[in-house]
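Engineer: What follows is each chain in one-letter form.
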Amino acid sequence: MLAYLIRRLFYALPILIGVNVITFALFFIVNTPDDMARMQLGVKRVTPEAIEKWKVERGYDKPLFWNTEASGAGKATETIFFGKSVKMFALDFGRADDGRDIAREIKLRMGPSLAVAVPVFVLGLFAAISFALLLVYFRATYLDFAGVVLCVAMMSISGLFYIIGGQWLVSKVWHLVPISGYAEGLSAAKFIILPVIVSVLAGIGSSARWYRTIFLEEYTKDYVRTARAKGLSERFVLFRHVLRNALIPILTGAVVVIPALFMGSLLIEAFFGIPGLGSYTIDAINAQDFAVVRAMVFIGSALYIVGLLLTDISYTLADPRIRLQ
Amino acid sequence: MKFVLLWSDALFFLLVAVAIAGGIWASRIEHLRLSWRKVGQSNVGMAAATLLLAFVVVALLDSLHYRERLPGEQEAYAVEVRSALDVVLTGLRTRTEKTYSAPLATHSFAKETLDAEGAGGRDFPRLKHGGSHLGENLVAHEADIVRKLVQGLGIGLAVWLAFWLAGAPLRRAAPHLAWSAAFVTLLLLCLAAGTVASLAQGYHVLGTDKVGQDVLYLTLKSIRTGLLIGTLTTLIMLPAAVFLGLLAGYAGGWIDDVIQYLYTTLNSIPGVLLIAAAVLMMQVVIDTHPEWFATSAERADARLLALCAILGITSWTGLCRLLRGETLKLRELEYVQAAQALGVSGLRILSRHILPNVMHIVMIAIVMDFSGLVLAEAVLSYVGIGVDPNTISFGTMINTARMELAREPMVWWSLAAAFVFMFVLVLAANLFADVVRDAFDPRAVK
Numbered sequence: 001m002l003a004y005l006i007r008r009l010f011y012a013l014p015i016l017i018g019v020n021v022i023t024f025a026l027f028f029i030v031n032t033p034d035d036m037a038r039m040q041l042g043v044k045r046v047t048p049e050a051i052e053k054w055k056v057e058r059g060y061d062k063p064l065f066w067n068t069e070a071s072g073a074g075k076a077t078e079t080i081f082f083g084k085s086v087k088m089f090a091l092d093f094g095r096a097d098d099g100r101d102i103a104r105e106i107k108l109r110m111g112p113s114l115a116v117a118v119p120v121f122v123l124g125l126f127a128a129i130s131f132a133l134l135l136v137y138f139r140a141t142y143l144d145f146a147g148v149v150l151c152v153a154m155m156s157i158s159g160l161f162y163i164i165g166g167q168w169l170v171s172k173v174w175h176l177v178p179i180s181g182y183a184e185g186l187s188a189a190k191f192i193i194l195p196v197i198v199s200v201l202a203g204i205g206s207s208a209r210w211y212r213t214i215f216l217e218e219y220t221k222d223y224v225r226t227a228r229a230k231g232l233s234e235r236f237v238l239f240r241h242v243l244r245n246a247l248i249p250i251l252t253g254a255v256v257v258i259p260a261l262f263m264g265s266l267l268i269e270a271f272f273g274i275p276g277l278g279s280y281t282i283d284a285i286n287a288q289d290f291a292v293v294r295a296m297v298f299i300g301s302a303l304y305i306v307g308l309l310l311t312d313i314s315y316t317l318a319d320p321r322i323r324l325q
Numbered sequence: 001m002k003f004v005l006l007w008s009d010a011l012f013f014l015l016v017a018v019a020i021a022g023g024i025w026a027s028r029i030e031h032l033r034l035s036w037r038k039v040g041q042s043n044v045g046m047a048a049a050t051l052l053l054a055f056v057v058v059a060l061l062d063s064l065h066y067r068e069r070l071p072g073e074q075e076a077y078a079v080e081v082r083s084a085l086d087v088v089l090t091g092l093r094t095r096t097e098k099t100y101s102a103p104l105a106t107h108s109f110a111k112e113t114l115d116a117e118g119a120g121g122r123d124f125p126r127l128k129h130g131g132s133h134l135g136e137n138l139v140a141h142e143a144d145i146v147r148k149l150v151q152g153l154g155i156g157l158a159v160w161l162a163f164w165l166a167g168a169p170l171r172r173a174a175p176h177l178a179w180s181a182a183f184v185t186l187l188l189l190c191l192a193a194g195t196v197a198s199l200a201q202g203y204h205v206l207g208t209d210k211v212g213q214d215v216l217y218l219t220l221k222s223i224r225t226g227l228l229i230g231t232l233t234t235l236i237m238l239p240a241a242v243f244l245g246l247l248a249g250y251a252g253g254w255i256d257d258v259i260q261y262l263y264t265t266l267n268s269i270p271g272v273l274l275i276a277a278a279v280l281m282m283q284v285v286i287d288t289h290p291e292w293f294a295t296s297a298e299r300a301d302a303r304l305l306a307l308c309a310i311l312g313i314t315s316w317t318g319l320c321r322l323l324r325g326e327t328l329k330l331r332e333l334e335y336v337q338a339a340q341a342l343g344v345s346g347l348r349i350l351s352r353h354i355l356p357n358v359m360h361i362v363m364i365a366i367v368m369d370f371s372g373l374v375l376a377e378a379v380l381s382y383v384g385i386g387v388d389p390n391t392i393s394f395g396t397m398i399n400t401a402r403m404e405l406a407r408e409p410m411v412w413w414s415l416a417a418a419f420v421f422m423f424v425l426v427l428a429a430n431l432f433a434d435v436v437r438d439a440f441d442p443r444a445v446k
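The listed protein sequences correspond, in order, to chains X and C.
Every letter in the first sequence is one number past the one before it in the numbering used here, and letter 184, counting from 1, is 184.
Every letter in the second sequence is one number past the one before it in the numbering used here, and letter 442, counting from 1, is 442.
In case anyone wonders, no lab produced these hints; they're calculated from the structure.
Keep in mind it's a predicted model, so treat the numbers as computed, not measured.
Heads up, some of the hints might be wrong.
Listed below are the simulated DSS-like cross-link pairs for lysine-lysine, each with C-alpha atoms no more than 27 Å apart in a straight line [what the hints assert, rightly or not]:
no.	chain 1	residue 1	chain 2	residue 2
1	C	Lys-111	C	Lys-98
2	X	Lys-172	X	Lys-107
3	X	Lys-221	C	Lys-329
4	C	Lys-111	X	Lys-172
5	X	Lys-55	X	Lys-87
6	C	Lys-98	C	Lys-210
7	C	Lys-210	C	Lys-128
8	X	Lys-87	X	Lys-53
9	X	Lys-172	C	Lys-210
Isolated chain X (complex conformation):
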């Protein structure tokens, strides 16, 4: 398995390079650094000197790929591509437009992001699977039908509605928790509880329905009939046989997002004022801070690739028949 994992990591390298090239093309070739400077400094009435100064301050004054003026290795390293893109592989993300070190900022903001994202992930998975199992237990009855209708209705409601409605009801009308904000340590709980509930609710419709389909598909298999014919109770069949065998498709969807939990949720963090990576990204988007967006894209892709690897490993744990070679 180790050999397999190492080989997979090597496969990941060209993908990361591809991501890097795509983002580089997006940020530097579609628009020249001059365009960006003009955008940042205001489109009209901007002097060439101001543009030049802006570029020098941020290291955008170098050539894109190949520096003919430098000597030796400097031809390749004294360029925007090397300075802004290649260095990311060494986790050197440079500085944001406000001069702060991006890597340090990421380290600081990971905590709050995880504090919201991990409970959302765990509770969301638990709630959706329980709800789906309940529906399957009552399959082909009106309860099942009502549950599916509820799921479809819930997934048709905009995520923004859950957030705005939740904040209004819980914080403004009931005065149970603060509308937004964050605190360190245990006192964070009162800030976290509402975003967690809201995100779980917003996600449960589509995932419960999806899990229900998976369970139902398992239900038509022969081993389930055999288990029932042996006289096993319905509950035993459901939890021991169906749930266990439905794990593979569930893991496919669930495990891949685990590493990305670090990134937090853009919407939730922006609405609830949680100082995590999600709100950091939103702020960067609104301030058009390209360095930060670029760094987040890179980290996001790297985490996704890690997620794919974890998915493969989780398969072997869930199903001993699967061997990674």
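Dock chain C against chain X, hints included.
Structural biologist: The following block gives chain C in isolation, referenced to the frame of chain X:
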């Protein structure tokens, strides 16, 4: 008057034409026709389709753009680009108030100092248009609403009857379809539209927003944006996804490797971030080239299209992977091998023998993606990477109204209107998608 054909209009009309042509094509192919008949026989499917059709009609009306000719000798046109829907809704568009007013209200939502002499003190001022036909006789307000309501119901019923009579040949031609569900939905639609239209003669049915615009007008205008995002995105990504998916599956070898690498790489970039990065870049391009666009409508339109393209680039990978897998399977079947043995060219095998047999996957993908894209538009506009702030859409409506619930007393109608309309649209799309998937997917679990 000068007709203006925005790019998105052209694409939208093209899309409708493609849909009609696709329908004719599908009716000639046995298994596709049977599947569509299954959709038509489902009550839910027909009801949802009726609702969606109503939305499409509104969007089509809103896609016929023109610029008014300015009065004067020389040939000059207004900068503002209007649509046929604007003409239909002229009353709603022009009857603006000063600021917030509640649904069906006759008085403004906020107190104002009434007259300069200071005799009246602060009170809620009368609205310019809401209930203005009542004059000073405010006692009649409620009775007037009831009267208009009943009138509206009557008109709605009459319109529905006309539809019912006009639809008789249709029902005769295809008696096995679930027409009753369609006409019940249509009845509800007609009644709702009738009452709203009747009430809108004298009132702001859904209130007015911060700058006094009628919320009903805004919501109706939002429909086009939502539909465009949901459909054009698919239209833009479909050719690439289908072609690359089939090619990867059929050709195999290094072509397969390259295409797989392409979509894995795109897939591994977090969607929102890729969209954010691309939208930021596009904004710079648009802002630094103001000379490309004659009117602000054209600029907003370019941004809308670019957003569709960007969403398309990030969302074609799923379909491409599915098609590749299916083609891998089909490639090994006897009839494809027979075609190969007979010396049919690869391109022809793909178009004649493989494409019709993966059409159900494409169909399912189109309808499944739609609702997600409509919802995504709202979120992206909220984050600031969606449509142009001047484009009326559910996202921009929610974005401008987001602080209104915090007011005291709160302003709920803009948000409620946007959410309810979006909910109805997405629900109809979801239900329709479910029916289509059940009809087309041979492995669907009942």
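Engineer: Take the hints in turn and mark each one as holding or not.
Structural biologist: Against the structure, the hints:
1. Lys-111/C <-> Lys-98/C: This hinted pair holds, its Cα atoms lying about 12 Å apart.
2. Lys-172/X <-> Lys-107/X: Measuring from Cα to Cα gives roughly 33 Å; hence the hint is violated.
3. Lys-221/X <-> Lys-329/C: Holds. Lys-221/X to Lys-329/C sits at ~22 Å (cutoff 27 Å).
4. Lys-111/C <-> Lys-172/X: holds, 23 Å
5. Lys-55/X <-> Lys-87/X: holds, 19 Å
6. Lys-98/C <-> Lys-210/C: At roughly 8 Å apart (the allowed maximum being 27 Å), Lys-210/C and Lys-98/C satisfy the hint.
7. Lys-210/C <-> Lys-128/C: holds, 15 Å
8. Lys-87/X <-> Lys-53/X: holds, 23 Å
9. Lys-172/X <-> Lys-210/C: holds, 21 Å
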